[in-house]
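The listed protein sequences derive, respectively, from chains B and W. Residue numbers are given in the working numbering: position 367 of the first sequence equals residue 367, and the series is strictly consecutive. Residue numbers are given in the working numbering: position 185 of the second sequence equals residue 185, and the series is strictly consecutive.
Careful: at least some of the hints might be erroneous.
A pair holds if it fits inside one copy or across any two, identical chains being indistinguishable in the list.
As the list claims (entries may be wrong) - When the alpha-carbon atoms are kept at most 20 Å apart in a straight line, the in silico SDA-like pairs for lysine to any residue are as follows: (1) Lys39 to Asn70; (2) Lys118 to Ile314; (3) Lys217 to Ile92; (4) Lys16 to Pro94; (5) Lys16 to Asn84; (6) Lys30 to Glu61; (7) Lys60 to Asn70; (8) Lys30 to Asn344; (9) Lys385 to Tyr375; (10) Lys385 to Glu340; (11) Lys16 to Tyr228; (12) Lys257 to Ser223; (13) Lys385 to Ile311; (14) Lys14 to Asn84; (15) Lys313 to Ser378; (16) Lys257 to Ala133; (17) Lys30 to Ala19; (18) Lys56 to Gly66; (19) Lys30 to Asn70; (20) Lys11 to Asn84; (21) Lys30 to Arg283; (22) Lys296 to Asn21; (23) Lys16 to Thr333; (24) Lys39 to Leu216; (25) Lys165 to Ser95; (26) Lys14 to Lys295; (27) Lys257 to Leu134.
Quick caveat, the hints were computed from the structure, so don't treat them as lab data.
Number of protein chains: 2
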Amino acid sequence: MNASSAALFEKFNKLKISAGNHSPSLTTLKAEMPEIEIKVDACFLSNPYATELFLKYFKKELLDTGEINNVLEFYPSQNNEIANLVGRHLQIDPSRIFIGNGATEVIQAIIHHFVKDKLIVNIPTFSPYYSFALPGTEVVYYELKKEDNFRVDPDDYIAFVTKNKPDSLVLINPNNPDGGYIPHQEIIRIIEELSWVPTIIIDESFIHFAFENSSLKLPSIASLLDKYPNVHIVKSMSKDFGIAGIRCGYAILPAEKVTHLLNTGYLWNSSGLAEYFFRLYTRKDFIVEYEEVRKKYITESLFFVTELNRIPKIKVYPTKANFVLVEILNGQTSDEIATELLLNYGIYARNCSDKIGLHGQFIRVATRYKEENEYIISSLRDIFK
Amino acid sequence: MNASSAALFEKFNKLKISAGNHSPSLTTLKAEMPEIEIKVDACFLSNPYATELFLKYFKKELLDTGEINNVLEFYPSQNNEIANLVGRHLQIDPSRIFIGNGATEVIQAIIHHFVKDKLIVNIPTFSPYYSFALPGTEVVYYELKKEDNFRVDPDDYIAFVTKNKPDSLVLINPNNPDGGYIPHQEIIRIIEELSWVPTIIIDESFIHFAFENSSLKLPSIASLLDKYPNVHIVKSMSKDFGIAGIRCGYAILPAEKVTHLLNTGYLWNSSGLAEYFFRLYTRKDFIVEYEEVRKKYITESLFFVTELNRIPKIKVYPTKANFVLVEILNGQTSDEIATELLLNYGIYARNCSDKIGLHGQFIRVATRYKEENEYIISSLRDIFK
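Starting from the given sequences, assemble the full structure and let the hints guide the process.
Rendered as structure tokens:
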């Protein structure tokens with residue numbers, strides 16, 4: 001690293017530290033480090049084709065009509081109004097739907113209100129699942145091993161949970177940051193054998209990128225919840241629909257838990273644009289088009305991962321999400337590689353040096369547009385040649 | 001009321017009941033009751049001139065440049081990043097600023113985390129201050145009397161609080177739904193004499209419409225907070241800036257309370273548009289223009305209230321907010337008058353029949369554009385002729 005690179009690295013690192021266990025947002029990065037030109041944001045985990053689709057509707061229905069003015073000026077509908085729409089769309093009792101200002105609000109609500117003494121979290125993981133825990137909650141980590149490709153082994157996991165007797169556990173499926181996927185039959189087996197755990201949280205924020213076979217049918221377990229009243233589904237809309245800036249998420253909870261939350265808050269927690277998005281999400285015309293871009297993106301992501309696998313001196317872990325966890329095996333650190341990617345190639349990847357439960361040097365790289373993926377591949381080839 | 005009016009009234013009432021202690025949003029109303037043509041939304045409490053100003057910037061800076069796409073697609077900055085901007089703008093230590101997804105989120109955070117055994121709330125009031133209270137909190141009501149024009153009498157209030165020994169109290173200034181204003185010197189006296197109350201919440205959501213004299217200078221007490229570490233300021237941006245659909249609010253809290261909140265949540269609780277608004281709010285060019293529309297709106301509101309006062313068979317209570325509480329004295333109920341305004345005149349006013357602490361028949365009417373105000377006046381003259 002030369003002196004100017006080192007100075008930039010130090011400046012970036014400061015922003016990183018102030019962002020805690022997360023990456024500085026693109027907005028923050030642009031405002032604070034205008035000297036960096038970001039060509040590809042591979043930190044951000046989102047389907048860009050879905051963003052395009054949303055923007056097409058947004059332009060036609062809100063901008064061209066002037067309706068955007070009302071969306072910005074007036075109060076949005078209340079939580080239960082939007083839950084009614086989403087519930088009908090998902091064919092799930094609307095009284096079980098809790099609408100959140102992004103999945104992080106949903107996670108916070110569940111962790112603060114329904115998780116009690118002991119919570120089991122698999123690591124590596126999405127940090128809010130442990131950082132949001134209140135002081136009275138003991139967080140017990142179940143460590144996924146890189147030797148096993150971060151796979152959840154149902155027998156071992158069930159034995160661990162049984163031994164620890166938690167009141168709550170979290171499974172992110174596919175998992176963040178490794179993309180590891182628990183197949184449908186295995187997750188059902190885990191849920192059935194652990195039916196005595198009061199609060200089982202299944203985070204399906206990346207489920208739209210997963211599949212069981214080449215039909216690419218959405219493998220969500222949401223429709224089975226009537227059989228498992230202790231299962232709580234968390235769902236971000238930011239990734240699959242490419243609209244992180246709008247802040248949309250929801251949970252499927254036991255109806256009495258939704259009532260509990262709404263009785264003491266969460267009054268107008270969706271913005272006007274979030275309400276527009278949720279209304280769109282429940283429309284057939286939109287969903288038909290969305291299914292096309294979902295499948296297109298999965299297919300492109302498969303090509304991306306296949307090519308990544310051919311690059312020497314890195315290990316690419318198996319993924320069914322829209323990102324890959326990459327282990328650096330050429331002796332360089334993830335700090336060095338992430339900085340090189342950012343400063344020399346304009347590629348913003350996630351340096352995983354702060355992720356607990358990762359032993360080694362890891363970066364996480366999101367899949368993007370075909371052309372962007374190709375640029376990431378050629379840049380990594382260049383670095384690891 | 002004829003049969004078709006009665007049917008509409010019943011339909012509207014159902015929506016009202018499902019909205020709890022609030023009014024159905026305009027979006028919900030339009031979706032569920034397309035047969036009603038709303039000409040003036042006088043339920044909604046917002047400066048329409050400020051909305052116009054915001055939309056001018058929004059169009060120029062986000063739409064015309066295409067930057068809106070990034071605002072919708074990417075994650076916004078974290079809470080503390082936005083707090084830094086707002087703190088610098090307000091010349092208040094940024095570590096004391098807590099950014100919320102609308103003031104209702106701020107109120108929820110304070111009520112859930114910092115209010116303990118006993119909370120004193122003045123009634124009539126904005127319902128979240130009591131409905132968000134957790135089961136362990138006793139809410140004690142201090143009733144403002146219509147005979148006193150809902151004025152807070154400092155001596156009587158201080159005596160009441162001293163007798164009840166709460167850990168928390170709320171003063172909304174100006175108050176909602178009556179618009180009653182506690183002058184600067186009186187609120188400072190109350191704060192000083194009640195310095196032993198651990199959590200004093202001052203809600204200044206309507207302070208931009210208040211004034212001490214004809215200079216119309218903003219009478220906020222925010223700049224004095226260093227002297228009063230137990231005072232917590234709540235601030236909605238929806239009303240003064242006319243952007244309720246974006247969901248923006250903040251609190252000024254002791255720094256350790258902000259840290260407490262951010263350590264266990266509130267990660268990405270501002271949307272991309274909320275971040276854009278907060279950045280705008282801290283810019284001098286915007287604020288110079290905003291001050292003009294703020295003063296213009298106050299002046300128009302003064303004319304509106306003056307004219308309202310001349311209508312017979314109603315009593316208009318003194319207000320320094322952007323709305324008036326109107327008592328109906330012709331023997332009709334607020335249900336009847338609100339329905340007549342909505343169905344016959346297309347005016348959506350707030351029927352206050354569900355507001356606790358109001359004894360009599362009351363509607364709340366917001367001030368809007370000059371022409372809309374004139375239409376409200378002529379419609380009320382017509383009804384009460």
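Each hint, compared with the structure:
no. : hint             : result
1   : Lys39 to Asn70   : between (35 Å within a copy, 14 Å between copies)
2   : Lys118 to Ile314 : neither (37 Å within a copy, 59 Å between copies)
3   : Lys217 to Ile92  : within (19 Å within a copy, 52 Å between copies)
4   : Lys16 to Pro94   : between (39 Å within a copy, 19 Å between copies)
5   : Lys16 to Asn84   : between (39 Å within a copy, 16 Å between copies)
6   : Lys30 to Glu61   : between (30 Å within a copy, 16 Å between copies)
7   : Lys60 to Asn70   : both (15 Å within a copy, 18 Å between copies)
8   : Lys30 to Asn344  : within (17 Å within a copy, 53 Å between copies)
9   : Lys385 to Tyr375 : within (15 Å within a copy, 75 Å between copies)
10  : Lys385 to Glu340 : within (14 Å within a copy, 78 Å between copies)
11  : Lys16 to Tyr228  : neither (40 Å within a copy, 34 Å between copies)
12  : Lys257 to Ser223 : within (18 Å within a copy, 41 Å between copies)
13  : Lys385 to Ile311 : within (8 Å within a copy, 84 Å between copies)
14  : Lys14 to Asn84   : between (44 Å within a copy, 15 Å between copies)
15  : Lys313 to Ser378 : within (14 Å within a copy, 79 Å between copies)
16  : Lys257 to Ala133 : both (18 Å within a copy, 17 Å between copies)
17  : Lys30 to Ala19   : within (15 Å within a copy, 41 Å between copies)
18  : Lys56 to Gly66   : both (15 Å within a copy, 13 Å between copies)
19  : Lys30 to Asn70   : between (30 Å within a copy, 12 Å between copies)
20  : Lys11 to Asn84   : between (46 Å within a copy, 17 Å between copies)
21  : Lys30 to Arg283  : between (35 Å within a copy, 18 Å between copies)
22  : Lys296 to Asn21  : neither (31 Å within a copy, 46 Å between copies)
23  : Lys16 to Thr333  : within (16 Å within a copy, 59 Å between copies)
24  : Lys39 to Leu216  : neither (30 Å within a copy, 49 Å between copies)
25  : Lys165 to Ser95  : neither (30 Å within a copy, 39 Å between copies)
26  : Lys14 to Lys295  : neither (38 Å within a copy, 42 Å between copies)
27  : Lys257 to Leu134 : both (18 Å within a copy, 14 Å between copies)
Hint check: violations occur at hints 2, 11, 22, 24, 25 and 26; the rest are consistent with the structure.
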